[in-house]
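**Q** Place chain B on chain A using the hints.
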Amino acid sequence: ETGVTQTPRHLVMGMTNKKSLKCEQHLGHNAMYWYKQSAKKPLELMFVYNFKEQTENNSVPSRFSPECPNSSHLFLHLHTLQPEDSALYLCASSQEKRGGFDRANTEAFFGQGTRLTVV
Amino acid sequence: DAKTTQPPSMDCAEGRAANLPCNHSTISGNEYVYWYRQIHSQGPQYIIHGLKNNETNEMASLIITEDRKSSTLILPHATLRDTAVYYCIVRAYDYNTDKLIFGTGTRLQVFP
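As you go down the protein sequences, you meet chains A and B in turn.
First residue of the first sequence? That's 2 in my numbering, and the numbers climb one at a time after it.
First residue of the second sequence? That's 1059 in my numbering, and the numbers climb one at a time after it.
Isolated chain A, as found in the complex:
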């Protein structure tokens, strides 16, 4: 148990469906991340939120829409996905300090992921 919980753990959806992935962290962190891991590929950073503001959008298609209502929750809204979007979607959180020498001295904690299959 890492303190980062993702639901659902598995999701099968059709290409015309709309679904949402949820991530919740109980660590008091202020930064949250979405990663995508396709079969036999490295983890790809999708979105970064710091202090509830999106600070990174790594050229992700608009059919993926993130939402961060507060520092403990992160959503990934999905609509009109393609079969190639099938992957393991991972959420992570960390404590980021603005300014200061030890800015990067914060490890990220990952959830167990949501295994998404688009049919």
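Honestly, the hints are just simulated from the structure, not real lab data.
Just so you know, even glycine gets a beta-carbon here, dropped at the ideal spot from N, CA and C.
Just so you know, not all the hints are guaranteed correct.
Unchecked claim - Label-pair restraints from in silico Cβ distances:
1. B:N1112 x A:S60: 16 to 26 Å
2. B:R1074 x A:T81: 45 to 55 Å
3. B:T1137 x A:A40: 25 to 35 Å
4. A:P9 x B:T1162: 24 to 34 Å
5. B:I1121 x A:P43: 23 to 33 Å
6. B:R1074 x A:Q55: 40 to 50 Å
7. A:T81 x B:H1135: 46 to 56 Å
8. A:S60 x B:G1073: 44 to 54 Å
9. B:K1110 x A:T118: 39 to 49 Å
**A** Okay, now just chain B, sitting in the frame of chain A:
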């Protein structure tokens, strides 16, 4: 792009030390070396990190060369549960460029 180079796979006998190398020849002075591992179909797990000094915790030891261009993660007594993909990552502490970018990692297979 990832800034590290790791061998794609390694084997280790159970109970022996596993030494996983990582090259990061372009590392900057403000970048830390982080190690994570990912057991099959689970989320990555933080192992250890360091800047220039060697580090040790309950999971592993991290040896960083004096020029900081390479490092080695040491699992002192590998078990079957240590079979995983191990990622070496360099990460800056500059707010505007801080990203946790994963490469392809090293697949460590621990055998009985």
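**Q** Indicate, hint by hint, whether the structure satisfies it.
**A** Structure-based check of all given hints:
no.	hint	result
1	B:N1112 x A:S60: 16 to 26 Å	violated, 38 Å
2	B:R1074 x A:T81: 45 to 55 Å	holds, 51 Å
3	B:T1137 x A:A40: 25 to 35 Å	holds, 27 Å
4	A:P9 x B:T1162: 24 to 34 Å	holds, 28 Å
5	B:I1121 x A:P43: 23 to 33 Å	holds, 24 Å
6	B:R1074 x A:Q55: 40 to 50 Å	holds, 45 Å
7	A:T81 x B:H1135: 46 to 56 Å	holds, 50 Å
8	A:S60 x B:G1073: 44 to 54 Å	holds, 45 Å
9	B:K1110 x A:T118: 39 to 49 Å	holds, 44 Å
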